[in-house]
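Engineer: Sequence:
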Amino acid sequence: RPSLLEKCGIEWISSLFCGLVPYAISLDHDDNSMKLNFPSGIIGEIATRSRLGMGWRVDENLILTKSWEKTHLRLNIQGLSIEPIEGAELAFDRLRLHWFE
Numbered sequence: 016r017p018s019l020l021e022k023c024g025i026e027w028i029s030s031l032f033c034g035l036v037p038y039a040i041s042l043d044h045d046d047n048s049m050k051l052n053f054p055s056g057i058i059g060e061i062a063t064r065s066r067l068g069m070g071w072r073v074d075e076n077l078i079l080t081k082s083w084e085k086t087h088l089r090l091n092i093q094g095l096s097i098e099p100i101e102g103a104e105l106a107f108d109r110l111r112l113h114w115f116e
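In this text, residue positions in the sequence shown follow the numbering used here: the first is 16, and each later residue adds one.
Hints were generated in silico from the structure; no laboratory data involved.
All figures in this text were calculated on a predicted structure; none of them were measured in a lab.
Note that CB positions come from ideal geometry on N, CA and C, so glycine has one too.
One thing to keep in mind: the hints can contain errors.
Pairs of lysine-lysine residues, derived as DSSO-like cross-links and limited to a Cα-Cα distance of at most 30 Å, are as follows [as the list claims (entries may be wrong)]:
1) 50 - 81
2) 85 - 22
3) 22 - 81
4) 85 - 50
5) 22 - 50
Ranges between beta-carbon positions, derived for each pair [stated by the list, open to error]:
6) 109 - 49: 35 to 43 Å
7) 64 - 93: 20 to 28 Å
8) 28 - 85: 15 to 23 Å
9) 112 - 46: 46 to 54 Å
10) 36 - 64: 23 to 31 Å
11) 29 - 70: 17 to 25 Å
12) 46 - 114: 46 to 54 Å
13) 33 - 104: 27 to 35 Å
14) 37 - 100: 33 to 41 Å
15) 113 - 28: 34 to 42 Å
16) 114 - 42: 40 to 48 Å
17) 62 - 41: 29 to 37 Å
18) 54 - 80: 40 to 48 Å
Go ahead and model the full structure; you've got the sequences and the hints to work with.
Structural biologist: Take a look at the structure:
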């Protein structure tokens, strides 16, 4: 049975790829990989549960590959970058000072 972490990971990756498929110009896949091709890179922003603003960027080619390591499934995503948006960490640190007032 998959762990909660594995279930959440599968849900996150499924949401990512399902959300991006409409923007792809082609989709290639085989038993161990899937590749989405876009006319150009895609950028966006989201907020985490902690409300920390995150920026993400998808390259022209987004590739998901899978492999088995003993009894665990390993998923590798190429062409995706996620990092806090500029100034988000500073704002988060400043807000955190007031949480316990």
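Engineer: Could you work out which earlier hints the structure fails to respect and list their numbers in ascending sequence?
Structural biologist: 14, 18
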